[in-house]
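Visitor: These protein sequences, in sequence, are chains A and B. Numbering of the first sequence is given in the working numbering, commencing with residue 68 and proceeding in unit increments. Numbering of the second sequence is given in the working numbering, commencing with residue 497 and proceeding in unit increments.
Because the hints were derived from the structure by calculation, they are not lab data. Where is the CB? At the ideal position from N, CA and C, for every residue including glycine. Be a bit skeptical, because a hint or two may be false.
[Unchecked claim] Examples of chain A residues lying across from chain B (beta carbon under 8 angstroms, computed):
| id | residue |
| --- | --- |
| 1 | Phe157 |
| 2 | Leu178 |
| 3 | Lys182 |
| 4 | Thr188 |
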Amino acid sequence: MRVTQGAFSFLPDLTDEQIARQVAYCLDKGWAVSVEFTDDIHPRNTYWEMWGQPMFDLRDPAGVMVEIRACRDANPNAYIRVNGFDSSRFWEAVRHSFIVQRPKYEPGFALERTKGKGRTTHYQIRPYATERPEGERYTNGKR
Amino acid sequence: MAADSNPTAITDAKKRYRAGVLKYAQMGYWDGNYVPKDTDLLAVFRVTPQEGVDPIEAAAAVAGESSTATWTVVWTDRLTACDAYRAKAYKVDPVPGTPGQYFCWIAYDLELFEEGSIANLTASIIGNVFSFKPLKACRLEDMRFPVAYVKTFRGPPTGIVVERERLDKFGRPLLGATVKPKLGLSGKNYGRVVYEALKGGLDFTKDDENINSQSFMHWRDRFLYGMEAVNRAMAATGEVKGHYLNITAGTMEEMYARAEFARDLGSVVIMVDLVIGWTAIQSISNWARQNDMILHMHRAGHGTYTRQKNHGVSFRVIAKWLRLAGVDHLHAGTAVGKLEGDPLTVQGYYNVCREAHNEVDLPRGLFFEQDWAGLRKVMPVASGGIHAGQMHQLLDLFGDDVVLQFGGGTIGHPMGIHAGATANRVALEAMVLARNEGRDIAKEGPEILRDAARWCRPLAAALETWGDVTFQYTSTDTSDFVPTAIAS
Chain A
68 MRVTQGAFSF
78 LPDLTDEQIA
88 RQVAYCLDKG
98 WAVSVEFTDD
108 IHPRNTYWEM
118 WGQPMFDLRD
128 PAGVMVEIRA
138 CRDANPNAYI
148 RVNGFDSSRF
158 WEAVRHSFIV
168 QRPKYEPGFA
178 LERTKGKGRT
188 THYQIRPYAT
198 ERPEGERYTN
208 GKR
Chain B
497 MAADSNPTAI
507 TDAKKRYRAG
517 VLKYAQMGYW
527 DGNYVPKDTD
537 LLAVFRVTPQ
547 EGVDPIEAAA
557 AVAGESSTAT
567 WTVVWTDRLT
577 ACDAYRAKAY
587 KVDPVPGTPG
597 QYFCWIAYDL
607 ELFEEGSIAN
617 LTASIIGNVF
627 SFKPLKACRL
637 EDMRFPVAYV
647 KTFRGPPTGI
657 VVERERLDKF
667 GRPLLGATVK
677 PKLGLSGKNY
687 GRVVYEALKG
697 GLDFTKDDEN
707 INSQSFMHWR
717 DRFLYGMEAV
727 NRAMAATGEV
737 KGHYLNITAG
747 TMEEMYARAE
757 FARDLGSVVI
767 MVDLVIGWTA
777 IQSISNWARQ
787 NDMILHMHRA
797 GHGTYTRQKN
807 HGVSFRVIAK
817 WLRLAGVDHL
827 HAGTAVGKLE
837 GDPLTVQGYY
847 NVCREAHNEV
857 DLPRGLFFEQ
867 DWAGLRKVMP
877 VASGGIHAGQ
887 MHQLLDLFGD
897 DVVLQFGGGT
907 IGHPMGIHAG
917 ATANRVALEA
927 MVLARNEGRD
937 IAKEGPEILR
947 DAARWCRPLA
957 AALETWGDVT
967 FQYTSTDTSD
977 FVPTAIAS
């Protein structure tokens, strides 16, 4: 399966040139760009690991691309996303977010049903990959 | 002008309170020199006086009948600081290009209104002036609320910023679809539509306004099968998904019961219809706030009083009341779809929903500056007769913070519901990508869609089926301040 989080997951994976143009869009808006990675792709996993802090003072897309590549080198099997953060009043929130790397094989999610009162069912979603410890997922058994 | 038709207030108390009938202007409801206070509520009405009725007297009558006046002098006014309670008509302008109609500007003291009650506000402002015989027609065009009044309301329980964080969706409009046919599907069949549409790429599906608990599908069946579908789609995509479960019912007690069941099943969103009324809306908004629930408002019925330009209440006023009352989603028009809505006027509604501060913008129908005092933002919803071939127009008109709902445009897809959803999602993402890269989507949109359709067969089929469908009718509700305005 293909995890479709992020703004562009229904498009073919973005090239680095396309990624740089999206970064430039964020910087033009005055947003701070950040890079995050994870190997827990649960849709409610809000806190991906930060590849450093949001780059509040970096205004050059090329500099952001250096960080994206460094994050990929250090985490070749992880999901990596790029965020644009808007600190202006009444937003103070992420305004753009898209995936720039994903594992080659995405095993997907188990849906577990627990019977409740009457016909009520309670649902749990669990990424198959999280059966293994953090850092050992998506690695084909290699660490 | 005879003494008794002079439009200035009578200040001699003995004359003013002699039993009998006076003009409203003479009773003190017109003051052309009045300077509105920052703490006043302001309203502008479009008034069509009967033949022979002076526009200033008509304005004073509206001010009077929406505040303290009755048809005759009453001595009991003198037991009160009555001048403070009188609304003041302070300006009357002819409507540009429309003889016989006038914009009447009225100021109300803050003390006239109970805090935190849209029911009280509407009982005053639209309570009886619209049936008033000396007026042929009357329309409430816009209102300005002082910050002190705004702060007595809690506003949207979730708001755009927190909704996006909860859903983990940023940088693009959200996508939805209303399940069709509106009536007749069993719970099991209904859930099938939800599953296919969400798995195919939509973020939300939706109950329609009149799907409640009929014999063909009781509400619990709809909720149970709907949530099975939502959770299956979440597992299939790794995304947060939602279905607007319509909890509209005959009593508040029953609405709470349905809302609680939706919560217990893990739904992120519930829905109500505008026809439940202002008090019910404020109550369910409180419930949504206490239960971390997004509250979707379907504006069912609004067209009965918002559409005709000469009589009723403009939708921009309804949108303001709903932002105060506290809803998270509000259907606000598509401009390009099957339902009423001139593009600039519709953008005005969107600005009311989404901006922290509205500036005066007459071409978009905004007569007043409005400071929302930090009240959360409402996510507008564009729904009704839109399809993937219009994606560039929709993104260009409305930007990112909107739910685009393609009901027929998803479910009616020739390759099926799943493909219909995928076509819409691909069209959207391709268009956002192109816009962010600096391309002029208003001009290049059709080319951007055709390029994406080359590798996305469902999008190609959608464009073949609906690519040239448009709804070209003249709008009835347009601004009076642009050269293209039509007479009403």
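Visitor: Does each hint fit the structure? Answer for all of them.
Guide: Against the structure, the hints come out as follows:
{"no.": "1", "hint": "Phe157", "result": "holds, 4 angstroms"}
{"no.": "2", "hint": "Leu178", "result": "holds, 4 angstroms"}
{"no.": "3", "hint": "Lys182", "result": "violated, 12 angstroms"}
{"no.": "4", "hint": "Thr188", "result": "holds, 7 angstroms"}
This entry does not satisfy hint 3, going by the numbered hints stated previously; all others are met.
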